[in-house]
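S.K.: Next come the chains, spelled out residue by residue.
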Amino acid sequence: MRNAHPGLPELDYVKPGSLEEASKFLAAHAGESRPFLGGTDCIVRIRDGAWKPKYLVDVKGLEGTTGISFDPAKGLTIGAAVPMNKVAAHPDVQKHYPLLVEACNWVASYQLRSRATIVGNVCNASPAGDTIGAAICLDGVLNVFGPDGYRKEPLTTFFFGPGKTALKPGDIATSIFFPLPPKESAGKYLKLGRNRLGDLAIVGVTAFAYKDASVASGYRFRIALASVGPTPIRPTAAEEILAKSIDESAVEAAAQAAMDSCTPIDDTRGTARYRKLMIRNLTRQAVSAVLAQLKK
Amino acid sequence: MSLHRITLKVNGSTEIVDVPGNWTLLQMLREKLALTGTKNGCASGECGACTVIMNGDAVNSCMVLAAECEGAEIITVEGLSKEGQLDALQKFMIETGGIQCGFCTPGVLLSAKALLMRNPNPSEYDIREALAGNLCRCTGYNRIITAVQKAAAVH
Amino acid sequence: MVVARKEKTAGPVGQSVLRNDVLEKATGAAVYTDDIQFGPGLLFARVKRSPVPHGILKKVDVSKALALPGVKCVVTGKDYPDLMGLYLKDRATFAVDRVRFIGEPVAAVAAVTEEIAEAALDLIELEIEELPAVFDPELGAQKGAPLLHPDLENYVHPNFIFPEPGTNISNHFKIRRGDVEAAWPKCAAIVETKVRVPHIQHVPIETHVAVALADDKGKVTLWSSTQSPFAQRAMLAKTFHVPESDMRVIATYVGGGFGCKAGVTMEAIPIALALKVKGHPVKFRLTREEEFYTNFVRQGLILNLKVGCDKDGNLLAMENTMYWDGGAYTEYGVNVTRAGGYSSTGPFDIPNVKTDSICVYTNHPSGGPYRGFGMSELHTGLLQVMDMLAEKIGMDKVEFLKKNVIQGGDTVATGMTMHETGIKECVDKVAAAIDWGKKEAPTAPNKLRGKGIAVMWKAPAMPPNAGSSAIVKMNSDGTLDVSIGGQEIGQGTFTAMAQIAAQTLGMPYDAVRVSGPIDTKYSPYEWQTVASRLTWSMGNAVRLAAQDARQKILNLVAEAWKEDPKDLDIQDGVVISYKSEESIPVKDFVVYGLPKENDQGWIGGPIVGTGSFMPTYVTGLDPETGQGPRAVVHYTTGAQAVDIEIDKETGRLEVLRAAAAFDVGKAINPDLVAGQIEGGFVQGMSSAMFEGAMLENGVWRNPSFVDYRIATTMDVPPKIDAMFVETAQDDGPYGARGVGEHPMVPTIAALANAIKDATGVRITNPPFSAEKIYLALVDAGIVK
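Protein chains in written order, with our numbering: chain A, 3 to 298; chain B, 21 to 175; chain C, 6 to 789.
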């Protein structure tokens, strides 16, 4: 059993002056350096001995990483350095992306969210990441600066496994962009932890839907499941059921399909058996809650 | 290992400190500035005993590197009372029995202070939510909640 | 000012005066051990720990660690092979030739920084030959199980501990009373069940920390976060062959103890290092993870219970076999087992009793004292069985409990006569507080609601001769210093002692200063801050010391005024005569004395009062029958009731209302009593809902706050009805008994009973996690 360090082992803090400088340093020290944002995952994992970087490269404050900007024609850009509490308190986010606010407020504790960032949560790619489901359902796209300059990484193809993503050494996610959500849309994040608040998710269910006359039910759903597989899971079978019908039996069938789509494990937070049942129940609740909002 | 020289404000006073890159804000406060009111309970962002206010918001000081604090403004428990006058939160924590062993108290006070700074009229739920990251093993919490309610009433 | 005797002011005892330790705690000024600044000479300790649960330690090679720059010394078991232990000397500072749990200290490093000390651990090479291990106490107690302590017969222990050498049983406590076999046929209902209670951890927010300094003559000073400065002095002096007077323990404020900072856990380690680097203070601080898996745990328990009653609900017989998972070393745990044994009937009058309380060595972390030790575990099983019995004969549970609870004059199972106690009143109070008998509607359609109740008792579990002492020193500014050796661990004992001193002397409460930190060099002796014994035992010592000072004051003034001391009194810091109507402030003479008439000299001098208290009446018990005139000093009794709801969608348990009442004899400070009752309830509730060590083949899988959750602000009921009754304790100060531990004792059982009431499903084994409840509902066909 690996004992955690009392504090952080010896390492150095690096504060580059530009994205180029940061990217070069990270590429040159691949495997022994990490970009550093809120630090709330990083410090924990280094203390645990899971990560052993020699250098933490603070990219907060570099070009494009600060601030929240909302363009009514395009959408929302959240800098990588913006802590979750700032996101949740932002009036444009509250007005146009309430699902993001809800997801942020389920993360750990208030004081942790003063540091933790959405981009950090996404890039660390924990299957339990609370904001990842919302980011996926809202069609999030990461803006990444790497050795070859800027590129975009849509979240649909970003996650490979726990902690494994499309990011490579020298890459710095500078911000996350969300297009304008469809008109008449609504979302819900339901999280089950051992405590009522503050725990990691035993399971988490994000449901998002908008009115769409082109499908039989009139509603198009996006659903994301947390903590029930190596990556966040999109239960497309459930989404398709709801495109056909949203009556009670369809919602139940979608919940069942979500349950069938996930591959949880037993761990200290819960067993696979319980997790599957909870995915079913929370999917039912989340879908119903979204429909109730849309029917208002 | 190189040292980083940083300048920051702690409880209104400007400090210049040389810190190793692996040190946290918590270590710097306790071991360089002798502000030992801020407590180390887990060093992993879970217990809240090390909570301070950084640039106007509550943070776990064990989750912040000291080297990142260039230009930061920090308030610790030692900075809550002004010229011997206790902050209302301190006064009501004492009067309502919100303190037993006292080890979580500094973190609780700073979380509550940050709450009242951003929301002067919090509901009971707001208070419980804001303090959910401050573990207390002694009191059972309700007296702490009452203390914050009373402090909010005179805020 | 003349006051008639009958108008005497009430005094601070019984008043909810403000605590005397909280101003400094609210401002960050209160000093805990980790806060003391030791300057640049300070070294930091880290510990190399066993990676396997059981094995022969073949080699510990520290040469590479010693060569690391910054490392000042490394010590191993070979350096300090002496055994120590509070009740059974079975544990060395470091493993000597055998390791017995994952996390057991094997070597320690002192270095100039904590990082270097930590890095040095990886350079220590261990060679261990693994042995078969014991992880289940019931199996471990059988003949033929792998033997953990082949030397058990040589371990030193007092005469009330009964090890069985050649087995893993380190203590076997028995009660044989009446004839259970003859009683079973007379029972109208019998419940037989097995209950498992998991290991839990104390989780003080301050982890263990200790700093040791040895001078060039080998005198040692230890600064430690401890409930037991004097017990540590005694144990550590013996272990390190230092005279007790040269082992000085300075005990600062403690950031939560709950038992885990009693006795010695990790404090020997910095001393072992400091003796090799004389002149350098050495600090050792447990990480939160180490606090979980290397520190005293509340031992796990397997209870095999069989209880029967007649058709009217009268309890007739109980058979109770308890296997305690004592862990690798049971130096303290053997007494947990003993306490679980002599109190094994719970607060019930049962004529036929057969108890076997068996402490078993396992390859798990060592068990130790945890708030109300033995009692929460025992009551978790026993009070569920009482609930089941009441159901079985169709009797209301409150009626069943009231019919059977122990009363003054009853003979308890060990043969002692029970003193008067208000347990029935406690039951009535908590039942009324949650509207017992009234079926409440759930707050939402997907919820199930129910109520549960449980009663409890607990005696201070300690050696028969655990003593207390106190010194009261009067000052010329109208204040007085009260020196004690009991520790302020958050329970408010400094405040209660100040109240008792003030009341006894006739001084204002605000005039009393309680001297801290506790320092074995200057503070008077106290056994340990454990067992809910301070209010009673140390309170008696303080009262006697205050009486001594008071008598000296009255004698002095009587001599000066040529009056009879019986006509004098002290009120609010002023000596008054009911006869002559003279008066004089105490501060005017308690240091400098009083002048004789006409400048003919002086009388008196600095007033110092001393007091000591030790119970002298606790007797031994027969090793085969557990019978004896007086097993314990007294029992505090009480009851708890809860009104709960279960979410049918998730299984989540929510406590809507909670009520608790205890017979405290006399509430010295009602608000502090309420604080203990509320905090204890939440700690018990937390253990019931969330807590349990996940031990798999000796590996603790959840040794952090990420994976071992405790209750937060969001999990507790908004109001906890904290009540007490006051049936005076004949030998308690102002009639007081302790109540620090009791509030968490009945909680798990009360919640289990409420879950049964709400769902119809009996889930016996805590924790009652949402998952466990939900899956039980699925298995019972209540939800799909």
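A hint or two may mislead.
Straight-line alpha carbon distances no greater than 27 angstroms define the calculated DSS-like cross-link-like pairs of lysine-lysine that follow [stated by the list, open to error]:
1. C/K724 <-> B/K170
2. A/K56 <-> C/K83
3. A/K88 <-> B/K52
4. A/K17 <-> B/K170
5. C/K408 <-> C/K69
6. C/K222 <-> C/K429
7. A/K62 <-> A/K17
8. A/K54 <-> B/K52
9. C/K94 <-> C/K397
10. C/K452 <-> A/K298
11. C/K444 <-> C/K478
12. A/K297 <-> C/K64
13. C/K452 <-> C/K397
14. B/K29 <-> A/K62
15. C/K83 <-> C/K191
16. C/K191 <-> C/K69
17. C/K653 <-> C/K557
18. B/K52 <-> A/K17
19. C/K724 <-> A/K54
20. C/K452 <-> C/K761
21. C/K777 <-> A/K278
22. C/K94 <-> C/K63
23. C/K243 <-> B/K52
Calculated directly from the structure, the hints in this document are not laboratory data.
S.K.: Could you run down the list of hints and mark each one as holding or not?
M.R.: Hint check results:
For the given pair, C/K724 sits about 16 angstroms from B/K170 by alpha-carbon distance, which is consistent with the 27 angstroms threshold. Between A/K56 and C/K83 the CA atoms are separated by roughly 37 angstroms; this puts the pair beyond 27 angstroms, and the hint is violated. The suggested pairing of A/K88 with B/K52 is violated, with an alpha-carbon distance near 30 angstroms, which exceeds 27 angstroms. Pair hint A/K17 plus B/K170 does not hold up; C-alpha atoms about 44 angstroms apart against a cutoff of 27 angstroms.
Of the supplied pair hints, the one linking C/K408 and C/K69 is violated, its CA atoms being roughly 69 angstroms apart against a limit of 27 angstroms. For the proposed pair C/K222 and C/K429, the alpha carbon gap of about 60 angstroms is over 27 angstroms, so the pair is violated. Only pairs whose Cα atoms come within 27 angstroms are accepted, and A/K62 paired with A/K17 is accepted, the gap being roughly 9 angstroms. Among the hinted pairs, A/K54 with B/K52 is consistent with the structure: their alpha-carbon atoms are about 26 angstroms apart, no more than 27 angstroms.
At most 27 angstroms may separate the alpha-carbon atoms for a hinted pair to count; C/K94 and C/K397 exceed this at roughly 46 angstroms. Restraint check for C/K452 and A/K298: the C-alpha separation of about 26 angstroms stays at or below 27 angstroms, so the hint holds. Simply put, C/K444 and C/K478 have alpha-carbon atoms about 58 angstroms apart, too far for the 27 angstroms limit, and the pair is violated. Taking the CA atoms of A/K297 and C/K64, the gap is about 72 angstroms. The hint is violated against a cut of 27 angstroms.
For the hint linking C/K452 to C/K397, the alpha-carbon distance of about 26 angstroms falls within 27 angstroms, and the restraint holds. Only pairs whose Cα atoms come within 27 angstroms are accepted, and B/K29 paired with A/K62 is accepted, the gap being roughly 20 angstroms. At roughly 60 angstroms between alpha-carbon atoms, C/K83 and C/K191 are farther apart than 27 angstroms, so this suggested pair is violated. Under the criterion of a C-alpha separation no larger than 27 angstroms, the hint pairing C/K191 with C/K69 is inconsistent with the structure, at around 71 angstroms.
Restraint check: the Cα-Cα separation between C/K653 and C/K557 comes to about 68 angstroms, which exceeds 27 angstroms; the hinted pair is violated. At most 27 angstroms may separate the alpha-carbon atoms for a hinted pair to count; B/K52 and A/K17 meet this at roughly 22 angstroms. Distance hint between C/K724 and A/K54 is unfulfilled; the C-alpha atoms sit about 46 angstroms from each other, more than 27 angstroms. A C-alpha spacing of about 14 angstroms is found between C/K452 and C/K761, which places the hinted pair at or below 27 angstroms, so the restraint holds.
With a C-alpha separation of about 14 angstroms, the suggested pairing of C/K777 with A/K278 holds against the 27 angstroms cut-off. Of the supplied pair hints, the one linking C/K94 and C/K63 holds, its CA atoms being roughly 23 angstroms apart against a limit of 27 angstroms. For the proposed pair C/K243 and B/K52, the alpha carbon gap of about 38 angstroms is over 27 angstroms, so the pair is violated.
Going through the hint list in order, the structure does not satisfy hints 2, 3, 4, 5, 6, 9, 11, 12, 15, 16, 17, 19 and 23.
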